[in-house]
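K.L.:
What follows is the residue order along each chain.
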Amino acid sequence: MHIPDGFLSLTICIVMYVISLGFLFWSWKKTKNSYSSSMTPLLAVSSAFVFAAQMINFPILYGTSGHLVGGTFLSVLLGPYAAILSMTIVVIMQALFFADGGIFTFGANVFNMAIIGGLSFFLVKALTHESKSNSRFFFSVFVASWVSMVLGALACGLQIGFSPLFSAAGGIVVTVPTMVFWHILIGFGEAIITATLLTQLKRMPSTVLSSFTTLRGGIE
Amino acid sequence: MNNYVKALIVILVCMAVLIPFASSDPDGLERVAEDLGVEETESPSGGIMPDYTVPMVKNDYGSTLIAGVIGVFLVLGAGLVLGKTLTKHDS
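For the record, the sequence lines run as chains A and B.
To convert, note that position 80 of the first sequence is 80 in our numbering; the numbers rise steadily by one, no gaps.
So our numbering is basically just the index in the second sequence, starting at one, shifted up by 1000.
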């Protein structure tokens, strides 16, 4: 899902930068007001986990692979705003050091993975609806992580489809359905991994995971 | 031992074990680009560890593992800095 440099027109790069920087600024303000320092190690380690997990591609079908994005994973652990910032760190490091996702396309990549992923928190919240049941939690995370993957792919399909390189090849009429198709499948991988990991973490004794406030108190 | 240190060790061990099994097939976006005949151009930024490899290391597994470990610590460090910055209250 990481868009390399060259895939997007300059206009779309700029528009996506503006949108993403707006969301980042908003997340920064929100986090600054509510963030407690005991969250720092959790934020750092869970971001490191997401970076590592993104390196491990799993095969999907017909010679296509996918990997965990982890936006929903971070959003449930850290809350939506800190998750957006935390995922942005991962995307920055990938673009700067690993040529995974471009510099010009950074705004678009942040939007598709960090912002959509972070905001999927609200879908988890709506679906759990104050229920403390583990199966309800599993189901909610499953759906939210699948949706965040498909929406990210939809956004990516639009961004590349409106850019000259891909509009020559058919534009959004082709890019949107194909991006969505592959990520409907990859999304199931995302959903199974995210829901399983988070449900297991939620079941651990609270003495072990005292700072998992979002998980502990239910999704508030 | 601190739980977060334990978690970090688990992450690194899992990464070391899983790297050889990672699929090298194109991902969703790469597949779409390939099918439409769009070529990925050389990134202007390049990156010192392109595609999660350390160019100096010839062994494929070692190269990816080292790049991965470096990446994990880069993100960990940045996460700690972010956390510290967020809790540094304006005076």
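It is worth saying that the hints were derived from the structure and are not from the lab.
Check the hints yourself; a few may be wrong.
[Said to hold, decoys possible] No more than 20 Å apart at the CA atoms, straight line, and that leaves these computed lysine to any residue pairs for SDA-like:
(1) LYS1088(B) with PRO41(A)
(2) LYS1084(B) with PHE25(A)
(3) LYS1088(B) with LEU24(A)
(4) LYS30(A) with VAL18(A)
(5) LYS1058(B) with GLY1047(B)
(6) LYS1058(B) with PHE97(A)
(7) LYS202(A) with LEU154(A)
K.L.:
Need the list of violated hint numbers for this structure, in ascending order.
P.N.:
7
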